[in-house]
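Take the sequences, apply the hints, and build the full model.
Heads up: the sequence lines are chains D and A, in that order.
Under our numbering, the first residue of the first sequence is numbered 1, with each subsequent residue one higher.
Under our numbering, the first residue of the second sequence is numbered 1, with each subsequent residue one higher.
If you're looking for bench data, these hints aren't it; they were derived computationally from the structure.
Positions of the beta carbon are idealized from the N, C-alpha and C atoms, including for glycine.
Among the clues, some could well be false.
If we take Cβ atoms under 8 angstroms as the criterion, some of the chain D residues that face chain A in the derived model are [as the list claims (entries may be wrong)]:
1) F66
2) K106
3) L185
Protein chains: 2
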Amino acid sequence: MAKNIVSRTQDYPQWYLDVIKAAELADYSPVRGCMVIRPAGYALWEAIQRDLDRRFKETGHVNAYFPLLIPVSFLEREAQHVEGFAMECAVVTHSSLEKDETGHLKARSELPEPLVIRPTSETLFGHMYAQWVQSYRDLPVLINQWANVMRWEMRTRLFLRTAEFLWQEGHTAHETAQEAQEETLRMLGVYASFAEDFLAVPVIQGRKTESEKFPGADTTYAIEAMMQDRKALQAGTSHNLGQNFARAFDVKFLGRDNQLQHCWTTSWGVSTRLIGALIMAHSDDEGLVLPPRVAPTLAAIVPIFKTDDEKEKVLAYCRELAGALCGAERLAAAEKRDAGRELLTIFTDEAACQKVVLDMREGRAVEKHYHWEQRGVPFRLEVGPRDVDKSAFVLKTRFDGSKTFHEKSCASPDWLREQADQVQARMLERARTFREENTVVVESYDEMKAALAQGGFVRCWFREDPEVEARIKEETKATVRVIPFEQPGGTGKCVVTGRETSEQAIFALAY
Amino acid sequence: MAKNIVSRTQDYPQWYLDVIKAAELADYSPVRGCMVIRPAGYALWEAIQRDLDRRFKETGHVNAYFPLLIPVSFLEREAQHVEGFAMECAVVTHSSLEKDETGHLKARSELPEPLVIRPTSETLFGHMYAQWVQSYRDLPVLINQWANVMRWEMRTRLFLRTAEFLWQEGHTAHETAQEAQEETLRMLGVYASFAEDFLAVPVIQGRKTESEKFPGADTTYAIEAMMQDRKALQAGTSHNLGQNFARAFDVKFLGRDNQLQHCWTTSWGVSTRLIGALIMAHSDDEGLVLPPRVAPTLAAIVPIFKTDDEKEKVLAYCRELAGALCGAERLAAAEKRDAGRELLTIFTDEAACQKVVLDMREGRAVEKHYHWEQRGVPFRLEVGPRDVDKSAFVLKTRFDGSKTFHEKSCASPDWLREQADQVQARMLERARTFREENTVVVESYDEMKAALAQGGFVRCWFREDPEVEARIKEETKATVRVIPFEQPGGTGKCVVTGRETSEQAIFALAY
Chain D
1 MAKNIVSRTQ DYPQWYLDVI KAAELADYSP VRGCMVIRPA GYALWEAIQR DLDRRFKETG
61 HVNAYFPLLI PVSFLEREAQ HVEGFAMECA VVTHSSLEKD ETGHLKARSE LPEPLVIRPT
121 SETLFGHMYA QWVQSYRDLP VLINQWANVM RWEMRTRLFL RTAEFLWQEG HTAHETAQEA
181 QEETLRMLGV YASFAEDFLA VPVIQGRKTE SEKFPGADTT YAIEAMMQDR KALQAGTSHN
241 LGQNFARAFD VKFLGRDNQL QHCWTTSWGV STRLIGALIM AHSDDEGLVL PPRVAPTLAA
301 IVPIFKTDDE KEKVLAYCRE LAGALCGAER LAAAEKRDAG RELLTIFTDE AACQKVVLDM
361 REGRAVEKHY HWEQRGVPFR LEVGPRDVDK SAFVLKTRFD GSKTFHEKSC ASPDWLREQA
421 DQVQARMLER ARTFREENTV VVESYDEMKA ALAQGGFVRC WFREDPEVEA RIKEETKATV
481 RVIPFEQPGG TGKCVVTGRE TSEQAIFALA Y
Chain A
1 MAKNIVSRTQ DYPQWYLDVI KAAELADYSP VRGCMVIRPA GYALWEAIQR DLDRRFKETG
61 HVNAYFPLLI PVSFLEREAQ HVEGFAMECA VVTHSSLEKD ETGHLKARSE LPEPLVIRPT
121 SETLFGHMYA QWVQSYRDLP VLINQWANVM RWEMRTRLFL RTAEFLWQEG HTAHETAQEA
181 QEETLRMLGV YASFAEDFLA VPVIQGRKTE SEKFPGADTT YAIEAMMQDR KALQAGTSHN
241 LGQNFARAFD VKFLGRDNQL QHCWTTSWGV STRLIGALIM AHSDDEGLVL PPRVAPTLAA
301 IVPIFKTDDE KEKVLAYCRE LAGALCGAER LAAAEKRDAG RELLTIFTDE AACQKVVLDM
361 REGRAVEKHY HWEQRGVPFR LEVGPRDVDK SAFVLKTRFD GSKTFHEKSC ASPDWLREQA
421 DQVQARMLER ARTFREENTV VVESYDEMKA ALAQGGFVRC WFREDPEVEA RIKEETKATV
481 RVIPFEQPGG TGKCVVTGRE TSEQAIFALA Y
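Dropping the structure here:
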């Protein structure tokens, strides 16, 4: 079997692309920097959406859909905002095409005002909230949207940084500064639990420095994760926008005090970049590794046989095994739907869209193993003629490569769920241990530089200062990832300037 | 209570907009022809997505995501296709903005080739399928995407025709012409059952004439529905694309005969226009009317009281009623989540995201009635102090305005589901009766003209001919909506030309 995935130590960036390609998650498209998310990759996004959307609705949010295009005059209204986004906007200038002399299409019907494809939608939400909100009784407004956005990035990388990407953006409006701050932190907490419970990616919650905050925010908070190359990846952000956008778009309400006043707003988002985080946090040199909760296919049953007699015997046994794992009714439904197909897909959880696959394709067993391994399927159940005789099966666990033997009688939906829960917990634990092992506390700038050269997170006393951050970035390429909420207490001396500070920061190279 | 909805007979187009406004389904946005889908409207789209997506997956399809932007050179490759869409494309020509002398933003960094915002994605799918498909073993490819698309329409109307809209587009590739044809009809069938079972909108399935088909298709099929103003609305289309796009994008595979050959492809889609259909098929002069399966809020419980004593007594009773309808566990979960809120939202079906609301707000009962009525909530349960004494409640059914009295002891999840199923069936039946009553069979062109002037569907023998269709359209504004699959058999004389034909067509004015 040709090795189609380079190892992480040999070439980490290439390994990342190889894993994506082998698992058929995404492809580059003919438009520079835009990707095609293939079905296997999109199923991960659907799983992420399903779980996050439930968490949003549980915290009282509703979904809506705002337009793709934004008038440029809207961007102009918030000074920081326009500085942050103007340089990378896709601009729509015309509303039709015509053939030129050579028969090729060119733009025609120039628009009175150029429009940009939304890089983010604070401005449009601001504009509409100004119309919807009149009184404190109309507050809070708690709206989220799932949408595509576009930022014309120069250097792109599948999932991590693409010109177009999918995301969700929550936009809320509140009566008081305190409520807005509570919402900002609540949603950061939702992201943090989601990342840890669902993606098995441990994250550090904290505040961004002024130089790293969202253009137009008062304060930006983020969750930061460590990838296997020990770089940081910002996995989600939550912004307290103060009254900045409410002022720019005149979002006012009559308060309980009978005074007209501006709302306090927040915004928060995560994107398809989470799929990049998922890949880089867990996968190995054999390909994709998925945490059980995220995996669209939880387990693949692979029958192993040589002769026709063996085939018949093993397949019949594998069907029984599938029925034991998923329930007889679900097996029957699958057999009806997939009659005549070589892959039998049996749901284990319709709501979560999770399934077990029985792989009855012809072909060498080793090729099937690679097939499921590269696609990150958490469990592979291997069954050969001797396993049938012993009324047993082999369970291969993707994330640690372990092989264990089990009696067929133990197979049940509960057993499968328990295996999944155990692996889910161990994957989070492994990622957490990896992060801890690659985090150092330093006490001087020299130590910091040495540590950053090694990779990983560097934690130290730091007195926030944009100029100092710029200098560190220039000298080490590292940035403050967050000022973590968890602080040791007390004060210390900034490792760069020696000034007294009450805060430690985490520095790292980042995606 | 001021009447904020004009009647259908007085001004049908204004009635439609009033219903949307009163139910807070959508708003126009600052970009001409683009709409904001508000939470109440988006919840309808989510319900549609949920139900359709399940049907797509049951028929073996998977979701993916393709890029928003398409190089203009792609559009050029299929001659009919470019003719159909070039006139209404939003064109991206630049990739950043800069301030001009006056401080305003203008486009800069012109792109080497203009890009259009997808009006539909056959070209991109064709391009990618050419890379993914090598052999007949790679077929069929059955991919759907949920996405936004843009067509720069001149005359827009909320949901029915907007520059940007949301839709799904299925794109499949097959080994044989027959398989592609089967897929085309299978998906039309999926749309038809979805429209009837879920939206309670009866539809006629049939083929479009050459003049009405999709630009680039061999044949287009559609489902057509009748609105209350007796106009037709095309609610979904399914296209057999033959080998047209496979040739244009060189999608080839090595067949079982070891010959390299082009695939046979299909595409099919429905859009947020379905929400327009839903509104116009069922709503009345009081506002939105939703079929129970679509309704995010299935029932509202409205306590009626004057004194504090009454309030306490009635509210306690309403909680019991809510518990009886939704189950005690769900009520307990809702009371925990919504503690302190005036609206208690209890799920009746988490997977379908349906709920019952207990409306504990202060305010006049009549205002609350209007509130739920205008939002199309299928059932309202009214409870006053005397109902409590009688251990009863009043059930107000939105779609027919009926009021019935029930013993509290009959309230249960099954009872509620049964009420919902009954109303769902009766709404479909009512819409079907309306359509039948407004469909006439004509035997001459004069009869046709007279019938079309009255409105409704006109059925007649018709020999397909683009020139004749153009003449009819000019003289009556009507078009052939479909050549229905259901035909009387035998032959007849075309009502316009007198030529022998084996097909009857349905003519109507259309949205």
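Here's how the hints hold up against the structure:
no.: 1; hint: F66; result: holds, 5 angstroms
no.: 2; hint: K106; result: holds, 7 angstroms
no.: 3; hint: L185; result: violated, 19 angstroms
Hint compliance for this structure: hint 3 alone is broken.
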